[in-house]
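Quick mapping for you: the protein sequence lines, in order, are chains A and B. Counting the first sequence from 1 gives a position; this note's numbering is that position plus 137. Counting the second sequence from 1 gives a position; this note's numbering is that position plus 1.
No incorrect hints appear here.
Subject to a maximum C-alpha distance of 27 angstroms in a straight line, what follows is the list of computed DSS-like cross-link-like pairs (lysine-lysine):
1) A/Lys390 / A/Lys370
2) A/Lys327 / B/Lys306
3) B/Lys8 / A/Lys335
4) A/Lys335 / B/Lys45
5) A/Lys154 / B/Lys270
So these bits of chain B aren't anywhere near chain A, every CB distance computed over 10 angstroms:
6) Met2
7) Arg37
8) Lys110
9) Lys189
10) Gly230
11) Thr333
12) Arg355
Covered, in the sense of this in silico footprint (three residues per stretch, anywhere, with C-beta under 8 angstroms from a C-beta of chain A), are these stretches of chain B:
13) 5-19
14) 38-51
15) 55-66
Read the hints as simulated data drawn from the structure, not as lab findings. Positions of the beta carbon are idealized from the N, C-alpha and C atoms, including for glycine.
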Amino acid sequence: MKIVVCIKQVPDTTEIKINPLTGTLIRDGVPSIMNPDDKCGLEVALTLKDKYGAHVTVITMGPPQADDVLREALAMGADEAVLLTDRKFAGADTLATSNALASALRKMEWNLIVTGRQAIDGDTAQVGPQIAEHLDIPQISYAEEVSYDGDKTFKVKRQTEEGYQILEADSPLLVTVITSGNKPRYMSVKGIVEAVEKEVHTLGAADINADESKLGLKGSPTKVHKAFSKGVKSAGEQFEVEPEEAVGIIISKLKEKFII
Amino acid sequence: MNFELSKRQSLFRQMIREFADKEIKPIAAEIDENERFPLESVEKMAGLGIMGIPVPAKYGGAGGDNIMYSIAVEELSRVCGTTGVIVSAHTSLCVAPILEQGTEEQKIKYLPRLCSGEWVGAFGLTEPNAGTDASAQQTTAVEDGDDYILNGTKIFITNAGYAHVYIIFAMTDKSIGVKGISTFIVEKDTPGFTIGKKELKLGIRGSATCELIFENCRIPKKNLLGKVGGGFSIAMKTLDGGRIGIAAQALGIAQGAIDETIKYTKERKQFGKSISYFQNTQFQMADLYTKIEASRLLVRSAAFKKDSGVSYSCDAAMAKLFASECAMEVTTKAVQFHGGYGYTREYPVERMMRDAKITEIYEGTSEVQRMVIAAKMFK
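So here's chain A without its partners, still in its complex pose (with noise of 0.2 angstroms):
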């Protein structure tokens, strides 16, 4: 079995302050980090592989930079890392993001895809779906488990709103992964020291076969027109008390702001 899994380096949120003056996001000194909904996806191939067998090869879109996410995949087990980065995909939006992974995992054997459910910088959730459109193969999202019968067909626990669904598909397949399903291992100390040694393979547009003029910038319907950070609310308060105590809270609060 082949699995690729998708992932992306990110700025880590839990650090990250907004100017205040002009509602972006300071990105100096903010650590970089594997997309935590990656992780699980790579946790989700990798255990397929210690159970099944498996060749994982991870990808990620990105600057140079990138390959340091590139290298932790590699020490906590994946067996290939592929670095797409090319100038022509700068400034890209999930579209034109989604068109230059598909265009690279066309070039590429896979029984299963896997990415995370979204990123948490921009929180879209869409790459991962874009790109099984791109490549026309069914898609399961929101997965918490993937097992798989040896053969080609994969059982999916997806979460909804309501519960759990439980789902087959047969490969080839595209699953997006969210963070409660699994704890993704830790790096080991000797998968760090083989994984500075690897190889990363580098791709550009032109080793993609990608129409150009669906890449980066140009390639991105998307505009954005203002950022900007939410007005900061005061902590409010909170009460820890039996239902029927907070329900006289609650209508005393509601009405001491004339609400009801």
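Keeping the supplied structure of chain A fixed, place chain B upon it in accordance with the hints.
Just chain B now, kept in the frame of chain A:
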């Protein structure tokens, strides 16, 4: 000259830092309180290759270097001094002498199982009457056919009881003093070898520190480590490496204490503002922060020299002397900055202060480090 970590060293620091915060920090107060050896942590660390970092892959190690090893001990000790010393004693005092002095047969037998964490390692040099004067060994090893017969007592042995492999020093020829000391690899459950009383300690309370008793304990000659009479030299070389580990432990404890104090002084308000705004806080903390960074440079420099294969004995002594005294100063002041809260177990700084003290004592007291440094200066 380059002060940056290599790619593998910085990836490793990212991993061990996350591991320490998520797996070790949450139980640090509990294992201290209950004086409990954290076997589950050893198992987790073993699974990631942390019990054999600077050992070549052919002996089951991770194939890393001593800078990575010192980063591991630093980051673990930043959240838990006990866990730091478990790894340090295992790696520096048991794995390293077998790797550096062992026969191929000994390396193949012991290293894979020590690196995989199946076996934990320990080191027995100290005796009731042989502390700083390690040459005054009273434990004896008498040749008898294909064996040596050990008799004597070792004290203050880290990892004792939980370790499977012990590096033990004993007199094979008392008449020639230090040249009559030899080293043996002793396995747990060898008849005649028992674990004595467990010490109740001020700090690193999760670490097991016990007495080892040898009563007509028969050790096969193939378990002699190095040459007959080469024991004192092995002990000194091993302790040189061990000092990098303990210096890293002290560095980690100091870093942990300063991190806690930065957080606390920002939150704690007196006279209408955070105490971090007061110049007294800022100036004292700036001095401590500088000393911690100086400790780090000394530790990394000693580890770098060990990796480079050049003499590092004096560097390790300076790193341990400076880092351990820095740790004691930082943790004591951290408690002071926390005021009354710092004296309680609600905050981790009192534990860090208790843990820091031992770093000035074991694997050579601060006085011994000064002797080592002065010996090089005035030779």
